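Produce the entire structure from the sequences given, and follow the hints as far as they go.
Residue numbers (this note's numbering), protein chains in the order written: chain A, 514 to 917; chain B, 222 to 456.
If you are wondering where the hints come from, they were derived from the structure by calculation, not from laboratory data. Accuracy of the hints is not assured; some may be wrong.
To be verified - Covered stretches of chain B, as calculated for chain A (at least 3 residues, CB under 8 Å):
hint: 1; segment: 277 to 286
hint: 2; segment: 327 to 336
hint: 3; segment: 399 to 408
Just so you know, these numbers come straight off a predicted model, no measurement behind them. Even glycine gets a Cβ: it sits at the ideal position worked out from N, Cα and C.
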Amino acid sequence: MALGRETWRLALKLIVRQPGRSALTMLGLAIGVGAFIAMVSFGEGARKSVVAQFEVLGTNLIKVQNTTPAVNPRARPSIPTGDNEVKLIRREATTVAQVVPVARRAASVAWGGEQRPSYVNGVTPGYLGLHSWDVAAGGNFDASDLTEAAKVCLLGKTNVKELFGDRDPLGETVTLAGMMPCRVVGVLAEKGFSTNAADLDDIVLVPVTTYNAHLTDRPIYAYIEVEPLTKDLLDSARAEITDILRRGHGLEDDEPNDFSVSSPLEVIRAADRTARILGTLLAAIAGVSLLVGGIGIMNIQLVSVAERTEEIGVRAAIGASPSQILTQFLIEALILTMLGTFVGVTLGIGVATLVAQNMGWPRVISPSGVLFSAGFGIAVGILFGYLPARRAALLDPIHALRRQ
Amino acid sequence: MPTPVIETLGLSKVYQGSVGGVPVLSHVDLTIEYGEVVALRGPSGSGKSTLLNILGCLDRPSRGRYVLGGSDVSGLTREEQAWVRLHYIGFVFQSFHLLAHATALENVTLPLHYAGVPRGRADETARDLLARVGLSHRGSHFPAQLSGGERQRVAIARALTARPPLLLADEPTGALDTKTGAEIMRLLLDLHKERGTSIILVTHDPVVADYADRQIFLRDGKVVDTEEAQVGARA
Numbered sequence: 514m515a516l517g518r519e520t521w522r523l524a525l526k527l528i529v530r531q532p533g534r535s536a537l538t539m540l541g542l543a544i545g546v547g548a549f550i551a552m553v554s555f556g557e558g559a560r561k562s563v564v565a566q567f568e569v570l571g572t573n574l575i576k577v578q579n580t581t582p583a584v585n586p587r588a589r590p591s592i593p594t595g596d597n598e599v600k601l602i603r604r605e606a607t608t609v610a611q612v613v614p615v616a617r618r619a620a621s622v623a624w625g626g627e628q629r630p631s632y633v634n635g636v637t638p639g640y641l642g643l644h645s646w647d648v649a650a651g652g653n654f655d656a657s658d659l660t661e662a663a664k665v666c667l668l669g670k671t672n673v674k675e676l677f678g679d680r681d682p683l684g685e686t687v688t689l690a691g692m693m694p695c696r697v698v699g700v701l702a703e704k705g706f707s708t709n710a711a712d713l714d715d716i717v718l719v720p721v722t723t724y725n726a727h728l729t730d731r732p733i734y735a736y737i738e739v740e741p742l743t744k745d746l747l748d749s750a751r752a753e754i755t756d757i758l759r760r761g762h763g764l765e766d767d768e769p770n771d772f773s774v775s776s777p778l779e780v781i782r783a784a785d786r787t788a789r790i791l792g793t794l795l796a797a798i799a800g801v802s803l804l805v806g807g808i809g810i811m812n813i814q815l816v817s818v819a820e821r822t823e824e825i826g827v828r829a830a831i832g833a834s835p836s837q838i839l840t841q842f843l844i845e846a847l848i849l850t851m852l853g854t855f856v857g858v859t860l861g862i863g864v865a866t867l868v869a870q871n872m873g874w875p876r877v878i879s880p881s882g883v884l885f886s887a888g889f890g891i892a893v894g895i896l897f898g899y900l901p902a903r904r905a906a907l908l909d910p911i912h913a914l915r916r917q
Numbered sequence: 222m223p224t225p226v227i228e229t230l231g232l233s234k235v236y237q238g239s240v241g242g243v244p245v246l247s248h249v250d251l252t253i254e255y256g257e258v259v260a261l262r263g264p265s266g267s268g269k270s271t272l273l274n275i276l277g278c279l280d281r282p283s284r285g286r287y288v289l290g291g292s293d294v295s296g297l298t299r300e301e302q303a304w305v306r307l308h309y310i311g312f313v314f315q316s317f318h319l320l321a322h323a324t325a326l327e328n329v330t331l332p333l334h335y336a337g338v339p340r341g342r343a344d345e346t347a348r349d350l351l352a353r354v355g356l357s358h359r360g361s362h363f364p365a366q367l368s369g370g371e372r373q374r375v376a377i378a379r380a381l382t383a384r385p386p387l388l389l390a391d392e393p394t395g396a397l398d399t400k401t402g403a404e405i406m407r408l409l410l411d412l413h414k415e416r417g418t419s420i421i422l423v424t425h426d427p428v429v430a431d432y433a434d435r436q437i438f439l440r441d442g443k444v445v446d447t448e449e450a451q452v453g454a455r456a
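Below, the structure written as structure tokens:
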């Protein structure tokens with residue numbers, strides 16, 4: 514059949530000459546494809562955003578703390594996590610970059626006659642790096658501050674705002690827990706809220722030695738944070754630390770741990786899994802709209818066959834064979850489908866970009882999502898274009914001509 | 222004797238209804254020579270349209286033989302029928318049946334498109350034909366922008382682009398006023414003379430029928446004697 518290019522040209526002409534009908538036909542598919550791309554992008558963007566929020570906790574981090582008896586009734590009375598554990602890990606672990614003890618208590622912070630309740634963390638200088646926490650003004654305390662138990666501190670944004678307002682806190686002396694004066698050497702960058710809505714900026718950081726000397730009776734840590742040498746070593750480091758502490762605590766083989774070794778990465782992984790499930794759900798819903806768009810094309814094509822009965826009859830009378838008429842309708846459907854898909858892809862990327870900007874999450878356009886929806890759109894066009902086309906081809910020309 | 226363009230032998234058509242078959246044509250024997258203009262007449266319900274559809278390869282006879290240009294076309298498949306229509310038969314209808322979304326030129330080009338003639342040559346042929354029917358200046362007009370007479374001229378040009386030896390005209394002047402109708406008839410006859418195209422003319426109008434070399438009367442699906450039918454028609 515010597516149709517080919519000429520048929521494409523004629524079909525395109527007919528489509529351009531009936532812009533209303535063509536637009537209507539494309540609309541459903543365009544919206545379906547667009548919705549699919551946008552939804553997949555929303556899902557992926559939201560996932561990245563959620564994961565980013567959890568990554569505030571630190572991705573390359575192991576937390577060692579004592580278990581409370583309620584959690585594990587068979588365990589021995591818990592040994593408080595203290596210097597002994599820090600020393601054990603520092604001395605024996607081979608997969609560990611640094612060990613940061615974190616002592617923590619509620620304490621008031623006072624300056625210039627004002628006072629507010631806050632939290633004080635006793636940490637080592639490595640704490641900030643471990644949490645990718647920047648210093649907004651001034652600097653971190655250093656190793657010599659740590660050995661000398663210097664009375665210096667870093668203020669979280671909330672404390673700065675509440676106590677100092679617009680004034681510069683650097684170099685000022687605040688009083689912690691109503692008894693320990695210390696000099697402000699730095700202001701922490703704003704960290705926002707944790708996943709359980711705690712204000713991460715409502716804090717004062719002091720060297721852990723200073724904390725032990727002045728803010729507590731006995732050096733017990735809320736937890737010990739351990740950074741493995743590399744991210745890949747996270748799991749081996751956890752196993753190693755567990756081993757070291759079990760031996761250090763003299764636990765028998767059949768005794769459960771009297772401490773816990775955990776990692777925020779688990780939480781992040783869980784959040785990631787949850788977000789992925791939601792993303793898949795979104796994609797599934799969008800898939801339905803894609804299908805509906807395809808059915809829309811089929812409907813309009815079917816209606817169009819009914820509407821164009823006379824045209825089909827005339828073409829048949831002139832000498833168009835059933836296969837030529839089939840080809841013509843298929844090509845029309847194909848062109849409309851490709852146009853609709855193209856519009857949909859453009860629309861989807863546009864909407865995804867807009868929403869990503871407004872929601873403040875990264876715009877993620879997955880190439881496979883675009884390819885899938887475009888491929889699906891075109892497949893639907895061919896499939897659902899075929900049915901009406903076949904009907905048109907099988908139309909009896911006599912009846913087609915008589916109907917007028 | 223040369224082969225006639227059309228020869229039918231015992232052509233019958235029965236439509237299958239709910240209570241047995243309804244015979245529409247019975248034992249029609251026809252011979253039409255190349256270059257003849259024949260008028261097909263008869264009251265409505267006489268089977269004219271059915272006969273025209275069968276002769277136009279739009280329909281198949283239930284029984285009997287239909288020989289077109291020397292070949293039996295009674296039992297062709299739909300694809301084969303389409304091929305025969307494309308190369309052997311041109312159609313002119315009462316209501317023109319032009320494609321509304323195609324220009325006059327595109328309408329005339331259509332058969333050549335289906336025949337796979339390259340666009341340049343097809344356009345040239347179509348333009349020549351449009352000029353021949355007096356519409357060289359109307360090529361880019363859409364049917365809605367043309368008068369009834371002009372539309373029928375486009376339809377005639379379209380019917381002749383593929384140079385078929387046979388033209389089937391179903392009430393070609395039925396939708397036109399008398400003067401325009403006469404012009405169309407004159408054009409058809411001129412083209413018939415120039416190209417030697419055989420024409421079968423279906424019409425109610427005795428004035429139109431008089432243009433033909435010969436008239437065939439149908440009644441109740443049978444060809445009847447010319448005189449008898451005329452007497453019947455006048456009675």
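Status of the hints after comparison with the structure:
| no. | hint | verdict |
| --- | --- | --- |
| 1 | 277 to 286 | holds (count 3) |
| 2 | 327 to 336 | holds (count 6) |
| 3 | 399 to 408 | violated (count 0) |
Of the numbered hints listed earlier, the single one contradicted by the structure is hint 3.
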